[in-house]
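Participant: I would like the entire structure built from these sequences, with the hints used as guidance.
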Amino acid sequence: MNGWTALDRFLHTDPRDVGCAEAMDMLHVYADLAAAGVPVEQRYPGIAAHLRACGPCGEDFEGLLAAIAGEAP
Amino acid sequence: MTSSHHGWDEVPTARGVDPDSARWLQALSDEGPRRESAQAELYAMLLRAARREAARRGPGVRITGPELEDLAYQAAGDALLAITQKAGQFRGESRFTTWACKFVVFEVSAKIARHFWRHPTRPLDAENWDRLPDRFGFDPARESEWRDLLAALRRAVDTELTPRQREVFVAVALNDVPPDALAIKLGSNRNALYKMMFDARRKLRAALVANGYLHDEESRCS
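Residue numbers (our numbering), protein chains in the order written: chain A, 1 to 73; chain B, 1 to 222.
Since the hints were derived computationally from the structure, they do not count as laboratory data. Where a beta carbon is used, it is the ideal one built from N, C-alpha and C, also for glycine. Relax, there's no trap hidden among the hints.
In the DMTMM-like style, the derived pairs of lysine to aspartate or glutamate whose C-alpha atoms are separated by at most 20 Å in a straight line are:
#, chain 1, residue 1, chain 2, residue 2
1, B, K195, A, D14
2, B, K195, A, D8
3, B, K203, B, E160
4, B, K195, B, D176
5, B, K203, B, D148
6, B, K111, A, E62
7, B, K203, A, D14
8, B, K86, A, D25
9, B, K86, A, E22
10, B, K203, B, E167
11, B, K86, B, D30
12, B, K203, A, D8
Pairwise CB distance ranges (calculated):
#, chain 1, residue 1, chain 2, residue 2, range
13, A, F10, B, V61, 19 to 27 Å
14, A, T5, B, K86, 36 to 44 Å
15, A, F10, B, S37, 46 to 54 Å
16, B, R155, A, A72, 46 to 54 Å
17, B, A87, A, Q42, 29 to 37 Å
18, A, A69, B, V61, 17 to 25 Å
19, B, E167, A, E22, 24 to 32 Å
20, A, N2, B, E67, 36 to 44 Å
21, A, A72, B, A151, 46 to 54 Å
Facilitator: Written out as C-alpha cells, the structure reads:
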C-alpha cells in the first residue's frame with residue numbers, strides 16, 4: 001500500500017459505521033458469533049465497518065476473541 | 001466452558017439463555033456457598049483473561065513485569081464487581097462467559113489508557129507534522145509527488161476543522177496519542193472522540209477531493 005492509498009483509507013468514512021457506543025454494547029454478541037464461524041460482517045455490517053475503522057474498538061474485539069479462544073474447552 | 005466443569009446443581013434454563021449461562025446466573029444470584037463458589041470460579045476466569053489481554057497489549061504500551069500483573073489483578077477485580085452488579089442486565093444474546101469477558105477486556109483497555117499519562121511520550125499540544133509521511137508510508141525519494149498533497153491536508157486541517165476537531169486530529173493523527181487516553185485528558189469518552197474524528201476525516205477527505213488530490217467515492221469504489 002502506498003502513502004496515497006493509506007491516507008485515503010484513513011480519511012475514508014463508512015456511512016454504515018455504527019460508532020463506538022453501539023459496537024461496544026454488541027461486542028460480546030458479535031464476538032460469540034464470529035468465534036462460531038458465523039459471517040458477522042454480513043449480519044452486522046455497521047459493526048464490522050466500525051471495527052475496521054476504530055483502533056480501540058478493534059483492539060477490544062481482538063482481545064475478546066482471544067479471551068474466548070483461551071477459555072474454550 | 002461446559003456445565004460439566006461446575007459443581008453446581010442443575011437448574012431450569014431460562015428462556016433464551018443457554019443452559020451453561022443459566023447456571024452461571026442462577027449460581028451468582030444464589031445465597032451462601034454456591035454463590036461464593038461461582039464468584040470464585042468467575043474471578044479465576046476473569047483473571048486468566050485479564051492476564052492474557054494484558055500480556056497481549058503490554059509490549060505495545062511499554063508496561064511489563066509486576067506493573068502489568070498488578071494491572072491484570074485490578075482489571076479482574078473491577079470486572080467481577082461490575083458483573084455481579086449487572087448480572088441482571090445479561091440478555092442471553094451471547095454466552096454468559098463471553099459477556100463477562102467483555103467487562104475484563106474493557107477494564108484492561110481503560111487501565112492501559114490511564115497508564116499512558118504516567119509516562120507521556122510527547123506534549124499534547126505539539127504538532128508533529130513531520131511524522132505524517134512516515135505514518136502513511138510515503139516514499140521519501142518521491143517527495144515531489146506527495147509534498148503538495150500533505151500541504152493541502154495541512155491547510156484543510158487549519159481551515160475546515162473546528163478548534164475541537166483540530167485538537168483531536170492533531171493529538172491522534174500527528175502525536176499518536178491513543179484515543180482512550182485522549183478521552184481521559186479531555187474529560188470525554190471514546191464514542192464522542194470517535195464521532196469527532198469521524199466528522200473531521202469526512203471533512204478533510206471532502207476538501208482533498210474538491211481540490212483534486214483524492215478521487216471521489218464513486219471513483220474510489222470503481
